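Dock chain B against the given chain A, drawing on the hints supplied.
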Amino acid sequence: MLLTLLRKEILLEFRQRYAISGIVLYVFSMVFVVYAASIKVQPQVWNVLFWLIVLFASINAVVKSFVQESGARQLYYYQLADPAMLLLAKIIYNTLLLLVLSLLAFGTYSVVAGNPVKDVPLFALILLLGSMGFSIAFTFIASIAAKANNSATLMAILSFPVIMPILLTLVRLSAIALRLIQDTSYQRDIWNLLAIDAILVTLTFVLFPFVWRD
Amino acid sequence: MWWKILSVFLIVYTLIAGTLVPLKPGVTYVFPESARSGEQVVLQLHGYNSFYTKAPANEIRTWLQFDDAHAIKGDNVRVLNDTTLEARFAIPTELPNAVASVMLNAIIDHPNDGVSLLPSAIEVAKDTIASAAAWQANAISELHVKKDFSFPYRNVIYESIRNTYFHVPMWFVLMFLFIASAWYSVQFLRYSNPAQAATLDASKGQSLIDFDRKAAAYAEAGLLFGLLGLITGMLWAHYAWGAAWSNDIKQLMTAVALLIYLAYFILRRSFDEPEKGARLAAVYNIFAFASLVPLLYIVPRMFASLHPGATGNPAFGSEDLDNTMRMVFYPAIIGWSLFGFWLAQLRFRYQRILDRATGLD
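Respectively, the protein sequence lines represent chains A and B. Residue numbers for the first sequence follow my numbering, so the first one is 1 and each next one is one higher. Residue numbers for the second sequence follow my numbering, so the first one is 1 and each next one is one higher.
Bound-form chain B, shown alone:
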């Protein structure tokens, strides 16, 4: 009982924290987006979720950064409003590298908001190279780190970072439920010979047919979470990748994995004798589970993927989470998993009542 309450509590927590906790400030774009070396440029920096007016303008520092050793510092910082800054940059006459143009990152350091960054914010063009000294006198240091409960700001995904708590846990739950389903199929086969079946304790509610019902119920719940994972993933892909379905290897393999369980349900129902259907379905469930694991964890590693970690490691990288996100992400996994098991249990009980009512038990 306690774990059902816990699951509801954790899911409510995930929903509230996952949707309401603000993102850290970020930089969405700068204007102008290109400049030439040797010119004085007044740059407008547009922030997101930022509160620039909460600190005096002279305490806000800005840089245009090329790499760890090369940056130029802005002066004459003016705060136009909470989300707009203006700063003047004297772009050196030479570029830090022997190329025709460089892309610079925009960095804003604010006493309250902390540091925010926009990669490749502005392009500076130039055709000659000489000394790079003007780039090296502006070390970026003593940055402010915003210490509050907020999720990281990431370009490209922006607010959709919250989907981490709804998309990723679905795959954990799916795997847990399919493992449980395979386990009950193993139990069914273990007790399927008459000698073993006699050891089942009917007073404790153990019965052979229940193992089959449980295997099916857990597979159904797993299928539901697989669909939810696909849908949340397609929503996310729509914003982050530009298309809901892009034939990414993980999308394809998940669809195939769900086909396994649809086939399992059809096999289970295609025999006249329920016992025979239950036995062969249990066999298929275990056999199919053995190919589910390479399908979801080995094959995607052999192909290019749009998922974080991309080629070689489609798993969720540890660098994709910060500590604030972990405080929601791990409870989300536990909450959704318990909820999934609860759902499967309800489905199992409903099926048992249904079977008893129709005289199949």
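Chain A extracted, bound-state conformation:
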């Protein structure tokens, strides 16, 4: 069931290729805007700007999760499948999408602004954890925001404060991967991040039944 739903999300994305192309273009544009605005990028600045690019790209990639299909068709899905499974499929799909996007952002950003990453395996793990955290929080908030009319604005104001603990932990971890700060006990931060993710994903499943019904 989950696999079918996941396959549906991926198929949908490939049939409406303009949406994903739009997001990819968004990442490229942002990298070049940021690079044009700050010619020489110090590692500290690199770290912060990178996560800002990933943050904005992620919000824009996820916000369409619940609005690209009509309300009636979604209601039809909720009758066919368990709504929780549907949400889980969307979270997994968005995790994959965000991982691809952040790798893409990392690639282009490294080409134009240099690659200061010293600990590549750690950085890759951080990208994965980041995609997971962003995907969980943003997908759920998108499901709430989709119910309102001005969903783009709502999406931003609802998700920024909520994503803050995850974002700050990610920035700190990636500063460690860039060797900007020395910390041998960064595993604790990774566990913190996983704990926050676990709490949010649990709440997501408890609360989603109250969101999808109209």
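Calculated directly from the structure, the hints in this document are not laboratory data. Keep in mind the model is a prediction, meaning the values are calculated, not measured. All C-beta atoms, glycine included, are put in the ideal place defined by N, C-alpha and C. One should not assume that every hint holds.
[Unchecked claim] Each pair of labels, with its calculated beta carbon distance range:
no. : chain 1 : residue 1 : chain 2 : residue 2 : range
1   : A       : T184      : B       : N112      : 47 to 55 angstroms
2   : B       : Q345      : A       : T153      : 28 to 36 angstroms
3   : B       : I231      : A       : V48       : 55 to 63 angstroms
4   : A       : F28       : B       : A357      : 38 to 46 angstroms
5   : A       : A72       : B       : S203      : 38 to 46 angstroms
6   : B       : Y239      : A       : L180      : 28 to 36 angstroms
7   : B       : K4        : A       : L96       : 50 to 58 angstroms
8   : A       : D183      : B       : M103      : 30 to 38 angstroms
9   : A       : D183      : B       : K4        : 48 to 56 angstroms
10  : A       : A81       : B       : W342      : 42 to 50 angstroms
[Said to hold, decoys possible] Capping the alpha-carbon separation at 25 angstroms, the derived lysine to any residue pairs in SDA-like fashion look like this:
no. : chain 1 : residue 1 : chain 2 : residue 2
11  : B       : K250      : A       : A156
12  : A       : K40       : A       : L55
13  : B       : K276      : A       : A146
14  : B       : K276      : A       : P83
15  : A       : K118      : B       : A304
16  : B       : K73       : B       : Q44
17  : A       : K64       : B       : I266
18  : B       : K250      : A       : V45
19  : B       : K250      : A       : K64
20  : B       : K250      : A       : P83
21  : B       : K250      : A       : A146
22  : B       : K276      : A       : F160
23  : B       : K250      : A       : K118
24  : B       : K4        : B       : H167
25  : B       : K276      : A       : V45
26  : B       : K73       : B       : E33
27  : B       : K276      : A       : A84
28  : B       : K204      : B       : Y191
29  : B       : K276      : A       : Q74
Relative to chain A, chain B alone:
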């Protein structure tokens, strides 16, 4: 009813005790602030909240202390006035340590005022080292402890220590109110399906829409206390840290936490159907509360902070309070909390009356 009276009583007590109880005597500065080894120096010690004239000069003892084992005792103590002492120190020719200069703490022990201390009061410079015997014959002992109702004297924060009863309790109240708000959101969702809603007892004043109003009212009151906490904190920071806003991690995270609730109010009002807005706002309130906890209690531990306890533990350390302060601090927390709940309840009732008057109930 009784708890409203109690809250007023405790807040009045906090205001009176928190502002009027004097600080224990302290030492603000000594003059001169530097000396060379081997010289006789007559040191002026300037006290704060002290009453040096209330005891004969020969009963007042003074030391310049390097560490637990090394100190020199002053003689010829003269009391100039209530806040100024003079004492003569024969600084030994050698320093207690193999360094070019040492910082010494000034200690005054007064029979009435008790003991007071100024860390790193005077710098003694010297370039050679030999025996440290002259430093070890002056053990600091039999100190007087002032036994009365007064707050500790702390260098750097001085009188602003009183802000402990107004700044710190705000965060307790904020957390209690946000927990209450999340709880009413849970209640709203629990009773939101028709079968459960039928079990609500209207004669006891229970209704679904009231849960939403309560959640909003408690969030509003929590927001108010968050603002008060930020303002009292900025006032304190202005004196203790030199700037009202220094981008301390706790300041930033609190500002972000308040944004969560501002977003909650906007979400609640952005639907045409009130029921839909109430339901989705309740969902967001619970979801956001789950990230409020790491925001206020986990993230600040990962970054350096100017707050007491600093890195690793931004919480309020037990060593920051003495027993006199506890006698005001704990009642302050209870008083402000009850007051916060009272405020939220009034806000809720006012909103209900307003809704009924405009036909929304």
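Okay, the hints, checked on the actual structure:
Checked against the hint of 47 to 55 angstroms, the pair T184(A) and N112(B) passes, with Cβ atoms roughly 53 angstroms apart. The given range of 28 to 36 angstroms is respected by Q345(B) and T153(A), whose C-beta atoms sit roughly 32 angstroms from each other. For the pair I231(B) and V48(A), the supplied restraint of 55 to 63 angstroms is violated, since their beta-carbon distance comes to about 29 angstroms. F28(A) and A357(B) have their C-beta atoms about 56 angstroms apart, which leaves the hinted 38 to 46 angstroms range violated.
Distance hint check for A72(A) and S203(B): the Cβ-Cβ separation is about 41 angstroms, which falls inside the suggested range of 38 to 46 angstroms. Look at Y239(B) against L180(A): about 33 angstroms separates their beta carbons, and that is inside 28 to 36 angstroms. At about 55 angstroms, the beta-carbon gap between K4(B) and L96(A) stays in the expected band of 50 to 58 angstroms. Separation of D183(A) from M103(B) is about 32 angstroms and conforms to the stated range, judged on CB atoms against 30 to 38 angstroms.
For the pair D183(A) and K4(B), the supplied restraint of 48 to 56 angstroms holds, since their beta-carbon distance comes to about 49 angstroms. The hint said 42 to 50 angstroms for the Cβ distance between A81(A) and W342(B), and at roughly 48 angstroms that hint holds. At most 25 angstroms may separate the alpha-carbon atoms for a hinted pair to count; K250(B) and A156(A) meet this at roughly 23 angstroms. Using a Cα cut-off of 25 angstroms, the hinted pair K40(A) and L55(A) holds, with the two alpha carbons roughly 22 angstroms apart.
Between K276(B) and A146(A), the direct Cα distance comes to roughly 12 angstroms. Compliance with the 25 angstroms bound is thereby established for this hinted pair. Taken as a hint, the K276(B) and P83(A) pair is honoured in the structure, with Cα atoms around 19 angstroms apart against an allowance of 25 angstroms. For the suggested pair K118(A) and A304(B), the alpha carbons sit about 23 angstroms apart, so the restraint of at most 25 angstroms is met. The straight-line distance between the Cα atoms of K73(B) and Q44(B) is roughly 14 angstroms, inside the 25 angstroms bound, and the hint therefore holds.
For the hint pairing K64(A) with I266(B), the CA-to-CA distance comes to about 21 angstroms; that is within 25 angstroms, so the pair holds. At most 25 angstroms may separate the alpha-carbon atoms for a hinted pair to count; K250(B) and V45(A) meet this at roughly 22 angstroms. For the given pair, K250(B) sits about 34 angstroms from K64(A) by alpha-carbon distance, which is inconsistent with the 25 angstroms threshold. The suggested pairing of K250(B) with P83(A) is violated, with an alpha-carbon distance near 38 angstroms, which exceeds 25 angstroms.
For the hint linking K250(B) to A146(A), the alpha-carbon distance of about 32 angstroms lies beyond 25 angstroms, and the restraint is violated. Using a Cα cut-off of 25 angstroms, the hinted pair K276(B) and F160(A) holds, with the two alpha carbons roughly 23 angstroms apart. Proposed proximity of K250(B) and K118(A) is contradicted: the alpha carbons are some 30 angstroms apart, above 25 angstroms. Restraint check: the Cα-Cα separation between K4(B) and H167(B) comes to about 21 angstroms, which is no more than 25 angstroms; the hinted pair holds.
A threshold of 25 angstroms between alpha carbons decides the hint, and for K276(B) with V45(A) the separation of about 42 angstroms lies outside it, so the pair is violated. Between the alpha carbons of K73(B) and E33(B) the distance comes to roughly 17 angstroms, so the proposed pair stays at or under 25 angstroms and holds. Restraint check for K276(B) and A84(A): the C-alpha separation of about 20 angstroms stays at or below 25 angstroms, so the hint holds. Restraint check: the Cα-Cα separation between K204(B) and Y191(B) comes to about 15 angstroms, which is no more than 25 angstroms; the hinted pair holds.
With a C-alpha separation of about 18 angstroms, the suggested pair K276(B) and Q74(A) falls inside the 25 angstroms cut-off, and the hint holds.
Checked against the numbered hints above, the structure breaks hints 3, 4, 19, 20, 21, 23, 25 and satisfies the rest.
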